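There are 6 protein chains.
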Amino acid sequence: MDALQDFCVADLKGSPTINGFACKDPKTVQASDFSFGGLHIPGNTSNAFGSKVTPAFVTQIPGLNTFGISMARVDYARGGINPPHTHPRATEILTVIKGTLEVGFVTSNPENRLVSKVLRKGDVFVFPIGLVHFQRNTGHRNAVAIAALSSQNPGVITVANAVFGSKPDIPTDVLAKAFQVDRSVVQKLQAKF
Amino acid sequence: MDALQDFCVADLKGSPTINGFACKDPKTVQASDFSFGGLHIPGNTSNAFGSKVTPAFVTQIPGLNTFGISMARVDYARGGINPPHTHPRATEILTVIKGTLEVGFVTSNPENRLVSKVLRKGDVFVFPIGLVHFQRNTGHRNAVAIAALSSQNPGVITVANAVFGSKPDIPTDVLAKAFQVDRSVVQKLQAKF
Amino acid sequence: MDALQDFCVADLKGSPTINGFACKDPKTVQASDFSFGGLHIPGNTSNAFGSKVTPAFVTQIPGLNTFGISMARVDYARGGINPPHTHPRATEILTVIKGTLEVGFVTSNPENRLVSKVLRKGDVFVFPIGLVHFQRNTGHRNAVAIAALSSQNPGVITVANAVFGSKPDIPTDVLAKAFQVDRSVVQKLQAKF
Amino acid sequence: MDALQDFCVADLKGSPTINGFACKDPKTVQASDFSFGGLHIPGNTSNAFGSKVTPAFVTQIPGLNTFGISMARVDYARGGINPPHTHPRATEILTVIKGTLEVGFVTSNPENRLVSKVLRKGDVFVFPIGLVHFQRNTGHRNAVAIAALSSQNPGVITVANAVFGSKPDIPTDVLAKAFQVDRSVVQKLQAKF
Amino acid sequence: MDALQDFCVADLKGSPTINGFACKDPKTVQASDFSFGGLHIPGNTSNAFGSKVTPAFVTQIPGLNTFGISMARVDYARGGINPPHTHPRATEILTVIKGTLEVGFVTSNPENRLVSKVLRKGDVFVFPIGLVHFQRNTGHRNAVAIAALSSQNPGVITVANAVFGSKPDIPTDVLAKAFQVDRSVVQKLQAKF
Amino acid sequence: MDALQDFCVADLKGSPTINGFACKDPKTVQASDFSFGGLHIPGNTSNAFGSKVTPAFVTQIPGLNTFGISMARVDYARGGINPPHTHPRATEILTVIKGTLEVGFVTSNPENRLVSKVLRKGDVFVFPIGLVHFQRNTGHRNAVAIAALSSQNPGVITVANAVFGSKPDIPTDVLAKAFQVDRSVVQKLQAKF
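Chains as they are written, first to last, in full-length UniProt numbering: chain U, 1 to 193; chain G, 1 to 193; chain Z, 1 to 193; chain P, 1 to 193; chain H, 1 to 193; chain C, 1 to 193.
Hints in this document: simulated from the structure, not taken from any laboratory. Take these hints with a grain of salt, some might be off.
What the hints assert, rightly or not - Output of the computed footprint for chain C on chain U, the stretches with three or more beta carbons under 8 Å from beta carbons of chain C:
#, segment
1, 34–40
2, 61–72
Stated by the list, open to error - With the C-beta cut set under 8 Å, the calculated list includes, among others, these residues of chain H facing chain Z:
#, residue
3, Met-1
4, Leu-4
5, Gly-14
6, Gly-20
7, Ala-22
This structure is a prediction, so every number in the text was calculated from the model and none was measured. Note that CB positions come from ideal geometry on N, CA and C, so glycine has one too.
Using the sequences provided together with the hints, build the complete structure.
Written out as structure tokens, the structure is:
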């Protein structure tokens, strides 16, 4: 979606909804519409994955509307992971601000090749659009990354949650056959998400 | 990628490779470059999933190059599934030619809502770009669908294969934490893919 | 138009109208918004052309909005044609479900090369965006095809109708000179459309 | 096709061919690559249509490559027409430099509405992408227009030529049925193109 | 922004505002929505630059909405200039209708190469998207050009005005350091814009 | 430019050159093709502007090719500025890692409104595509920012350099009239760049 004016600051509560967002009246636009604070604040990683994403997407920065880019901070506890996930609408570029991360993405069928690397402070890595990828903190203390994504609203699909935690559930039989395990294994996984 | 000439038939063996494909010399282009046969032939569904996709992508039809569309036939044995997967570069539209299919897709985080429906012969359904989706044959005999995708090379990422069958493996610890199961469960899954 | 969210189901009766359609409230979206029935039902080919297109465009499937793809069924009586036409906003890919079709497209000036082929059941063919193309049933019984198009609303311009059947008419003098025939010939053609 | 560098001047004789053109070595690029002369010279309108298009497309101005725009001059003899045609890859905007033009375009099915207007010197008009359109000199002397198109290579499909003058011919039976006339009428038309 | 219907004539006073414009009800669309008059009328060049741009953008021609193209006339008094400026959203193609113009554009860092040429009547030149460019009338009388741009609303950023004439001012210290001059020089420049 | 495969790692030395880059043979692609090191290393700000940009564009990370995103680190000495500049092909999003920055962009004609804000650690700001923008370190020590841009090769046009430092020079008369100063002032400015 190419921009057709200098900016179209999202009217986040506007009606009707459209692809992206309608624009606020340009006369009421303020510098704060292009801004967001708090990316220096560590996210709370006290969760099962030991990681936390703090987004600066169009919902946080309405001035991003129509511009095809966004940002995020990711915090990782010691041993924490950003579990395998995809962004259905964006490529991601990430740089390590602190710590050590093992990162990787998997190519599509039939190769399903894992392309992975250990990143240290100052390293940058690219996760191509739509591919499954993950990060793991392999250092001895917490880690922090700044990521940017090629969409104002990249979307996140955590594989485990989408597959085993959808509402309602994907039929157990489908998942048992998809993962080639007993239904009981699927049910245990579904219980966790 | 908008087309910049009437057609740019893919030179599939051309060098260098580019985004998509270089074009064959237009003078050597034949009607057969825009064609492909065999979408009436049932795919062999004697496999673990009980389904088979027969693609008509740019690799099969070089005339699709630069045009943002492709097609496929999907066969489903009785009880067969097309397991949860994504297309990183395409939305899919599918129509049932024979039989009955339960189909669904899961929205991105945090909702992970399953949108599903039972389709009968002549029904059409849409799977939005990048979202996890599946089909299951819930009828009493085999089923057949014709699908179209909004890319000349949509890519397929079967979730189970990408996550548990990558080469090399995603570290077992990452998957154990991601799926919140013991490492032994992950290893069993990895052994199957 | 890249999608900026998982889906933007068309609010077909929404106001104001925009490029494509505004989105329904996501909370009210149902599986049926992504679905359409009846592509197994033969279209009524009792007309001058002996063919009938049954569309599954965004007007039929509001869930197609923003996704750049659509589908259609085409029925052909014995000897029926889908007359020369263009899609101003889409490339078409078509597969024959039943019968035999002679298909072709014509390249742009100055070559105006006809690229044509006889298709049988299971054959697939591509009609590049904007080019004049047609199909003819050359078999001994009716024929059926499933087509997909690279736009949610590809548009159809039947050449004869647009040129000789516009409302109001294109000036007769323009058409007489364009087709290099007497005005009386043009008037006869205009009378038919 | 968004530009990914300041310019990519077309290497018009380059090999292999790609979508658009490969780039000349930037070091050898000259101002003349972005230029073209002669749009002030009247085209020769001594032909059946009484009009002549002088293009300034990427083939004439290699510097247009990747930029999605081009220009043309159109000359019209007294009574001359630019016959009904489409541009498969571009919208056109046209301004009258001299004389008087009746212009129009026809919307797609099922309306096939003719939207037309008489333009005088200094008037501007828009012909939407892919729609059939024409111009006619309705003044008492020659007329001249400058047009711009939203593609480096918009393509031109003169309806009469594509339908009745393709090489080889579209089958006479197809055209007879499409235009609902006798085969003999079609053959006369085919003989002229 | 690909068009998703034959046309989406801008409802220039519509509410809410969106990227580009919402569409007028197609039933109320008139030929005049695709038209604009007056590009034959010389612009008033009695100003500091000795030039005047008469735009035919979407604001003047609502029918341009979604089509990615627009037009303009530029008048130059003897010795007049169209001062260094950029179009943030468009490539420009320009043809000289009358007189002689020296034109040029400057490539991005680090080369900052000036690509320039003297154009005479009938010459065409391309100014790549986003690059600084200018025209100067080097002939002995006034000059006129017709330009087309690859956006319905290309935007114009006159460098001197944006840098020294913004409201409020860019801090004087920033400009003094940017242009490596004393603050007093900056203040004089700011006073003029 | 939508990606048409999982990745198309730039063959930076490939021939011929194309829009963006041709792809390396996928079999030879390594994780290092998606990576780049050193974004933690302060840039050398001992220059006239007191700032330094360290890019992570496609030239540094060939894996960015076709993906529409890139990253950069910007260092600012005390009092340093990133002088007024544009990116002809990208919107920028920036977050402050250290220190305090006054940032702003100027809208296009005729408003030329300065939208500015003081950013502190953790603040994020957006600079719309093609608009003139700058940053200034207003803190008492050095400052650091991480920026991301919506192009693999966004381009940088430093206004002062492009206008007063092009090679060859923009004619002095053009600049004198454009900035409404004496030729001697222009010559002094040209001497500095």
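Hint check results:
1. 34–40: Check passed, 7 qualifying residues.
2. 61–72: As far as the segment 61–72 of chain U goes, the hint holds, because 8 residues have Cβ atoms under 8 Å from chain C.
3. Met-1: holds (6 Å)
4. Leu-4: holds (4 Å)
5. Gly-14: Interface hint status for H/Gly-14: holds (5 Å vs cutoff 8 Å).
6. Gly-20: This interface hint holds because 7 Å falls under the 8 Å limit.
7. Ala-22: holds (4 Å)
Consistency with the previously given hints is maintained throughout, with no hint failing.
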